[in-house]
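Residues 1 to 247 in our numbering are what the sequence shown spells out, letter by letter.
What the hints contain is simulated information worked out from the structure, not anything from laboratory work.
Heads up, simulated PhoX-like pairs for lysine-lysine below, C-alpha to C-alpha not over 25 Å straight-line:
no.	residue 1	residue 2
1	Lys4	Lys169
2	Lys214	Lys240
3	Lys216	Lys200
4	Lys120	Lys203
5	Lys58	Lys90
6	Lys191	Lys121
7	Lys203	Lys240
8	Lys191	Lys120
9	Lys121	Lys146
10	Lys203	Lys239
11	Lys169	Lys92
12	Lys5	Lys90
13	Lys5	Lys169
14	Lys143	Lys121
15	Lys5	Lys92
16	Lys169	Lys143
17	Lys239	Lys200
18	Lys90	Lys4
19	Lys58	Lys169
20	Lys216	Lys120
21	Lys84	Lys200
22	Lys146	Lys191
23	Lys58	Lys5
24	Lys239	Lys214
25	Lys200	Lys240
26	Lys169	Lys90
27	Lys216	Lys146
Bear in mind that the values here come from a model prediction, so they are computed numbers and not experimental data.
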Amino acid sequence: MFTKKVIFLGSKPIGFNCLLHLLQNANVLNVDVIGILTQQRLEFGADSNLAMLAEEHKVPLILSLDDLPECDILYSVQYHQILKPHHIAKAKQIAVNLHTAPLPEYRGSNQFSMAIIEDKKEFGTTIHAIDQYIDHGDILFQKRFKIPDNCWVSELYDLTYNASLLLFKQTLQHIVNANYQPVSQSLLEAKYGSSLHYRKEIKDLKQIDLSWDKDKIERHIRATSMPGFEAPYCMIDGKKVFYTVVG
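Modelling step: build the complete structure from the supplied sequences, incorporating the hints.
Printed below as a string of structure tokens:
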């Protein structure tokens, strides 16, 4: 069996730890990681620095998508740019993405917040083929789990992080060996619905309307109270009044 060439695209803690697992198991997987693309996110600290990890393992750091060499597999985990068809075509076998949400319900961003606001009982994480649209390609693997009662966004993030890293590890050999059966997302839309959300929407989600009923206000607070980010708020006399979580 020939050694497959892999390029990894990613950022954030989940991207770092997926890449770490890939590099540590490259010999067992029979892969050669020939390049890494990343976006430096200083707020996550040195423990999530993919560029440093690339240097430690002597893997070339690729500066832009347009510099992609040909490979067998492109693997994206929280990469910040949308791949165009000529980027995807660099992967002779497949280009895949780990999306930290169930598909087709939650494409794009703010998936954790939207699930809580919509009072969903189930969430998940998905590995799918990449096409030219956002989180739109065929599903290869997926893991779903129950959302705890009265869940906060930070709790749902942690649950999804753990499920995503586990799914990555459990299916990586299958991805390398092309041992998967793609399922079109269109086949699941009747059961689960579909939506596409953008990063900028979070600004509107954080603004609480005091005319809402108690349950809706409470869901928006749980959905948008994330440590390290601006808190949810209401407007009183033209001023922002922020909600502070105590205890």
